[in-house]
Amino acid sequence: MSESARTPLSPRERRQEGKDRGATVPAVRGDDLRRHLPALEPDRRLTDWGRSERVEEALDKSLVDFLYRYWFRADVEGIEHVPSAGGALLVSNHAGALPPDATMIAKAIREEHPHPRPLNITVEHFFKGYPGLSMLLPKLGAVAAHPANVHRLLYDEQQLVLVFPEGRKGTEKLYRDRYRLRRFGRGGFVEAAMRARVPIVPVSVVGAEEAAPVFAQMGMLKRLTGLLYFPLTPTFPHLGPLGMLGYLPAKFKLRFLEPIQFDAADMQNDGALVQTVAHEVRARIQESLFDMLSTRRSVWFG
Amino acid sequence: MRSRRFLITGLSTYWGGRLARALEADPGVEAIVGVDNEEPGVELERTEYVKVSNQHGLLRRVVEAAEIDTVVDTRLVVDSAVTAPRLAHENNVIGTMNILAACGEGGCVKKFVFKSSTHFYGANQDDPAFFDEAMGRPHPPGTAIERDILEAEASVAEFADRNPGVSVSVLRFANVLGPAVDTSHIDMFGLPAIPMILGFDPRYQFVHEDDVVHALEHVVQNELPGVFNVAADGVLALSEVAGLLGKPYAPVLPPWGTGLAASVARRLGVDIPAEMLAQMRFGRGVDNRRLKAAGFDYGYTSREAVVALGEHMRLSPLLRSGVEPYRYEREVEEFLRWSPNVRNARPKVQAGAAPGLPAPPVDHYDALGAEEIISLLSSLERADLEALRDYEAGHRGRDDVIGTIESLLARSDPAG
Numbered sequence: 012m013s014e015s016a017r018t019p020l021s022p023r024e025r026r027q028e029g030k031d032r033g034a035t036v037p038a039v040r041g042d043d044l045r046r047h048l049p050a051l052e053p054d055r056r057l058t059d060w061g062r063s064e065r066v067e068e069a070l071d072k073s074l075v076d077f078l079y080r081y082w083f084r085a086d087v088e089g090i091e092h093v094p095s096a097g098g099a100l101l102v103s104n105h106a107g108a109l110p111p112d113a114t115m116i117a118k119a120i121r122e123e124h125p126h127p128r129p130l131n132i133t134v135e136h137f138f139k140g141y142p143g144l145s146m147l148l149p150k151l152g153a154v155a156a157h158p159a160n161v162h163r164l165l166y167d168e169q170q171l172v173l174v175f176p177e178g179r180k181g182t183e184k185l186y187r188d189r190y191r192l193r194r195f196g197r198g199g200f201v202e203a204a205m206r207a208r209v210p211i212v213p214v215s216v217v218g219a220e221e222a223a224p225v226f227a228q229m230g231m232l233k234r235l236t237g238l239l240y241f242p243l244t245p246t247f248p249h250l251g252p253l254g255m256l257g258y259l260p261a262k263f264k265l266r267f268l269e270p271i272q273f274d275a276a277d278m279q280n281d282g283a284l285v286q287t288v289a290h291e292v293r294a295r296i297q298e299s300l301f302d303m304l305s306t307r308r309s310v311w312f313g
Numbered sequence: 097m098r099s100r101r102f103l104i105t106g107l108s109t110y111w112g113g114r115l116a117r118a119l120e121a122d123p124g125v126e127a128i129v130g131v132d133n134e135e136p137g138v139e140l141e142r143t144e145y146v147k148v149s150n151q152h153g154l155l156r157r158v159v160e161a162a163e164i165d166t167v168v169d170t171r172l173v174v175d176s177a178v179t180a181p182r183l184a185h186e187n188n189v190i191g192t193m194n195i196l197a198a199c200g201e202g203g204c205v206k207k208f209v210f211k212s213s214t215h216f217y218g219a220n221q222d223d224p225a226f227f228d229e230a231m232g233r234p235h236p237p238g239t240a241i242e243r244d245i246l247e248a249e250a251s252v253a254e255f256a257d258r259n260p261g262v263s264v265s266v267l268r269f270a271n272v273l274g275p276a277v278d279t280s281h282i283d284m285f286g287l288p289a290i291p292m293i294l295g296f297d298p299r300y301q302f303v304h305e306d307d308v309v310h311a312l313e314h315v316v317q318n319e320l321p322g323v324f325n326v327a328a329d330g331v332l333a334l335s336e337v338a339g340l341l342g343k344p345y346a347p348v349l350p351p352w353g354t355g356l357a358a359s360v361a362r363r364l365g366v367d368i369p370a371e372m373l374a375q376m377r378f379g380r381g382v383d384n385r386r387l388k389a390a391g392f393d394y395g396y397t398s399r400e401a402v403v404a405l406g407e408h409m410r411l412s413p414l415l416r417s418g419v420e421p422y423r424y425e426r427e428v429e430e431f432l433r434w435s436p437n438v439r440n441a442r443p444k445v446q447a448g449a450a451p452g453l454p455a456p457p458v459d460h461y462d463a464l465g466a467e468e469i470i471s472l473l474s475s476l477e478r479a480d481l482e483a484l485r486d487y488e489a490g491h492r493g494r495d496d497v498i499g500t501i502e503s504l505l506a507r508s509d510p511a512g
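First to last, the sequence lines map onto chains A and B.
Just so we're aligned: the first sequence equals residues 12 to 313 in our numbering.
Just so we're aligned: the second sequence equals residues 97 to 512 in our numbering.
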């Protein structure tokens with residue numbers, strides 16, 4: 012083959028070749044590899060993902076429990092739509108500075124579900140590079156939003172994963188745009204669920220927008236601090252970094268919607284179908300949000 | 097294909113020496129030749145050491161003269177604190193090219209095993225939590241040693257493409273732990289406190305030194321072409337490692353300007369190379385299931401490897417006694433291998449291989465190939481021939497050897 016007999020021209024090109032060849036490794040993918048997952052080691056205090064039950068519990072007792080019961084007084088509907096076994100991808104709307112919604116969803120499953128299960132929350136890769144957060148977030152069950160990570164959790168380990176397809180566009184959103192969903196990425200989350208053949212459970216959350224409203228984004232300070240975004244909220248930045256936790260006591264309502272099942276194999280290769288499902292999920296969450304908002308009489312009392 | 101005649105490059109490295117020893121214990125192995133430009137560091141019984149640096153012409157002659165069928169390349173340098181950067185590049189990139197040149201193009205080599213490192217994947221912010229073998233690294237490498245590893249692997253992959261008749265296996269090893277190896281990470285774990293970068297608690301996966309040798313053996317003895325990650329079960333956080341070693345951790349390296357701080361630390365005698373800094377920031381985990389699915393069982397988990405290292409570290413100050421380290425002396429080794437006066441050479445092989453069977457009447461019988469034995473047979477006495485037939489039947493049972501002996505016996509049979 013003349014193509015491979017050619018001398019590689021530069022290290023860069025050769026690297027590229029090496030990469031391509033890596034992809035042609037005969038893939039021994041499938042059920043047989045799931046048997047070879049590492050066994051649980053009861054002596055360890057961390058999981059292989061870096062999650063620590065101890066740290067989680069400490070934060071739960073000190074802060075999350077208080078927020079969930081007394082500060083946000085969370086109401087939960089449709090918890091039965093979260094499966095008791097097997098993988099599932101939870102998809103939710105996302106808003107507010109240092110959004111409390113992920114924590115509240117995890118807490119709701121822990122409190123209300125007949126079979127409480129840990130929830131893995133996908134976060135931006137950014138946090139892995141930020142000192143302090145890089146150490147803390149994995150211990151609380153945050154996982155970088157890499158397709159391979161999501162697939163391993165959903166398919167191989169059959170766990171629950173929460174994604175926010177709006178991503179940063181959701182947290183950067185200002186108060187006046189509240190409860191209007193941004194674009195849902197490129198449908199990567201649908202592909203992930205289809206590939207792992209697990210259901211998608213849409214979740215709509217009301218309250219996060221008012222609990223941590225963002226009035227403005229300060230681009231200059233964002234660049235100076237190297238943070239992902241630098242919002243102006245009722246308590247931040249003038250009360251210091253802890254001002255990020257200065258949530259207003261808005262009433263939280265969480266609604267788990269009916270799961271969307273994917274039964275056929277290799278659905279993820281159908282690009283049009285992926286986009287259709289992504290739109291459908293977005294529409295369901297948006298509809299549910301408007302429904303919840305239309306019956307809400309007070310931001311603070313529900 | 098069953099591998100019988102081995103060439104091990106990097107015999108002076110810990111891995112080369114250990115692998116040669118393991119192969120020596122296998123009576124199915126006919127010949128083991130080790131090449132390196134430094135002398136072997138462990139005592140070997142029948143492995144022949146040839147001092148060749150990376151000249152492919154000489155290597156090719158060795159390969160062809162000994163009819164090598166399997167080449168195990170254990171020579172890759174994966175720790176830039178151990179070797180000078182220029183030497184490492186010479187060894188990793190140029191050396192690999194030369195060894196491949198000596199093996200390829202219609203030669204006798206049928207299997208090539210390459211020891212690589214999970215530094216192939218690097219350690220970056222946007223890495224997946226578990227790299228599998230099909231994944232590339234998200235960014236081009238930033239350190240010299242990672243660049244070298246990528247280039248070496250690329251030339252191995254190119255070799256595999258051009259020589260479809262050769263089964264090429266690449267093993268990517270995670271950070272090795274064990275009492276006998278010396279790496280930057282083990283040096284770091286030997287400090288009174290484990291230094292960390294402030295605000296980071298990276299994920300680490302290890303592999304015990306015994307598992308490294310067993311994995312190489314496993315791949316040599318089975319037909320497993322392709323790339324395999326070799327890393328023990330379990331990914332530990334660095335703080336967890338410190339806890340298992342019973343040491344405090346000290347977040348002394350600042351998150352910004354870490355490189356500068358590392359160069360200060362180097363002045364103070366703590367060498368933290370660049371690729372290790374990246375790992376101390378972002379960590380790395382790999383998916384080890386492919387090799388497990390290929391039938392390999394790990395002897396240690398990551399946690400057990402760390403615990404074993406901790407036990408060794410606590411004991412080693414007490415055990416540091418007068419065991420003379422092995423030194424290679426060419427004359428002694430040659431005497432032991434080739435002198436007709438050596439009577440009980442290789443006690444281990446005979447004892448381990450076939451208990452109860454008498455020793456073969458021919459010196460170095462195990463090191464000889466079938467054709468060489470057949471050419472020797474005509475000079476033997478009848479009693480020796482019978483003993484040899486029993487020995488061969490009890491060991492490798494090669495049909496051509498036994499057949500020749502039988503025919504010689506029939507010819508010299510006094511009755512017939």
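To be clear, the hints were calculated from the coordinates, so they are not data collected in a lab.
Just so you know, even glycine gets a beta-carbon here, dropped at the ideal spot from N, CA and C.
Certain hints may be false.
Said to hold, decoys possible - In silico SDA-like cross-links for lysine to any residue, where the CA-CA straight-line distance does not exceed 25 Å:
{"#": "1", "chain 1": "B", "residue 1": "K343", "chain 2": "A", "residue 2": "D54"}
{"#": "2", "chain 1": "A", "residue 1": "K180", "chain 2": "B", "residue 2": "P234"}
{"#": "3", "chain 1": "A", "residue 1": "K262", "chain 2": "A", "residue 2": "D54"}
{"#": "4", "chain 1": "B", "residue 1": "K206", "chain 2": "B", "residue 2": "E163"}
Claimed, not checked - Listed next, with one range per pair, are the computed distances between beta-carbon atoms:
{"#": "5", "chain 1": "A", "residue 1": "T236", "chain 2": "B", "residue 2": "Q151", "range": "55 to 63 Å"}
{"#": "6", "chain 1": "A", "residue 1": "L185", "chain 2": "B", "residue 2": "L294", "range": "54 to 62 Å"}
{"#": "7", "chain 1": "A", "residue 1": "E122", "chain 2": "B", "residue 2": "E407", "range": "40 to 48 Å"}
{"#": "8", "chain 1": "B", "residue 1": "P236", "chain 2": "A", "residue 2": "H290", "range": "31 to 39 Å"}
{"#": "9", "chain 1": "A", "residue 1": "R56", "chain 2": "B", "residue 2": "L356", "range": "51 to 59 Å"}
{"#": "10", "chain 1": "B", "residue 1": "E135", "chain 2": "A", "residue 2": "R234", "range": "53 to 61 Å"}
{"#": "11", "chain 1": "A", "residue 1": "R46", "chain 2": "B", "residue 2": "P288", "range": "37 to 45 Å"}
{"#": "12", "chain 1": "B", "residue 1": "L154", "chain 2": "A", "residue 2": "P158", "range": "44 to 52 Å"}
{"#": "13", "chain 1": "A", "residue 1": "R56", "chain 2": "B", "residue 2": "W352", "range": "27 to 35 Å"}
{"#": "14", "chain 1": "A", "residue 1": "L238", "chain 2": "B", "residue 2": "G353", "range": "17 to 25 Å"}
{"#": "15", "chain 1": "B", "residue 1": "I498", "chain 2": "A", "residue 2": "R46", "range": "36 to 44 Å"}
{"#": "16", "chain 1": "A", "residue 1": "R56", "chain 2": "B", "residue 2": "P236", "range": "35 to 43 Å"}
What the hints assert, rightly or not - If you want a taste of the chain B side facing chain A, the calculated C-beta under 10 Å gives, among others:
{"#": "17", "residue": "D222"}
{"#": "18", "residue": "M231"}
{"#": "19", "residue": "F285"}
{"#": "20", "residue": "A289"}
{"#": "21", "residue": "F296"}
{"#": "22", "residue": "D297"}
{"#": "23", "residue": "P298"}
{"#": "24", "residue": "L332"}
{"#": "25", "residue": "G339"}
{"#": "26", "residue": "L341"}
{"#": "27", "residue": "N384"}
{"#": "28", "residue": "T397"}
Consistency of the hints with the structure:
1. The straight-line distance between the Cα atoms of K343/B and D54/A is roughly 18 Å, inside the 25 Å bound, and the hint therefore holds.
2. Between K180/A and P234/B the CA atoms are separated by roughly 24 Å; this keeps the pair inside 25 Å, and the hint holds.
3. At most 25 Å may separate the alpha-carbon atoms for a hinted pair to count; K262/A and D54/A exceed this at roughly 40 Å.
4. A hinted pair counts as satisfied when its Cα atoms are at most 25 Å apart, and K206/B with E163/B qualifies at roughly 10 Å.
5. Take T236/A and Q151/B: their Cβ atoms lie about 56 Å apart, and the range 55 to 63 Å holds.
6. At about 34 Å, the CB distance of L185/A to L294/B disagrees with the hint of 54 to 62 Å.
7. Distance hint for E122/A and E407/B: a CB-CB separation of about 43 Å, consistent with the stated range 40 to 48 Å.
8. The hint said 31 to 39 Å for the Cβ distance between P236/B and H290/A, and at roughly 37 Å that hint holds.
9. Checking the proposed 51 to 59 Å range against R56/A and L356/B shows it is violated: the Cβ atoms sit about 34 Å from each other.
10. For the pair E135/B and R234/A, the supplied restraint of 53 to 61 Å holds, since their beta-carbon distance comes to about 58 Å.
11. Between R46/A and P288/B the Cβ separation comes to about 42 Å, which falls inside the hinted range of 37 to 45 Å.
12. About 48 Å separates the C-beta atoms of L154/B and P158/A, a value consistent with the hinted range of 44 to 52 Å.
13. Taking the beta carbon of each, R56/A and W352/B are about 30 Å apart, inside 27 to 35 Å as hinted.
14. Take L238/A and G353/B: their Cβ atoms lie about 19 Å apart, and the range 17 to 25 Å holds.
15. Hint check: I498/B to R46/A, Cβ distance near 43 Å, so the stated range 36 to 44 Å holds.
16. Separated by about 36 Å at the C-beta atoms, R56/A and P236/B satisfy the suggested range of 35 to 43 Å.
17. With a cut of 10 Å, the hint placing D222/B at the interface with chain A holds, because the nearest CB-to-CB distance is about 4 Å.
18. The closest approach between the C-beta of M231/B and any C-beta of chain A is roughly 7 Å, which is under the 10 Å cut-off, so the hint is satisfied.
19. Interface restraint check for F285/B: the shortest CB-CB distance to chain A comes to about 18 Å, outside 10 Å, so the restraint is violated.
20. Restraint check, A289/B versus chain A: the minimum CB separation of about 17 Å is more than 10 Å; hint violated.
21. The interface hint given for F296/B holds, since its Cβ lies 5 Å from the closest Cβ of chain A, which is under the 10 Å cut-off.
22. Checking D297/B against chain A by beta carbon gives a least distance of about 4 Å; that is within 10 Å, so the hint holds.
23. Hint status for P298/B relative to chain A: holds, with the closest Cβ pair at about 8 Å, below 10 Å.
24. A cut of 10 Å between beta carbons decides the hint on L332/B: the least distance to chain A is about 7 Å, and the hint holds.
25. Checking G339/B against chain A by beta carbon gives a least distance of about 8 Å; that is within 10 Å, so the hint holds.
26. Interface restraint check for L341/B: the shortest CB-CB distance to chain A comes to about 15 Å, outside 10 Å, so the restraint is violated.
27. Interface hint status for N384/B: upheld, as the beta-carbon distance to the closest one in chain A is roughly 8 Å, under 10 Å.
28. Restraint check, T397/B versus chain A: the minimum CB separation of about 7 Å is within 10 Å; hint holds.
Hint check: violations occur at hints 3, 6, 9, 19, 20 and 26; the rest are consistent with the structure.
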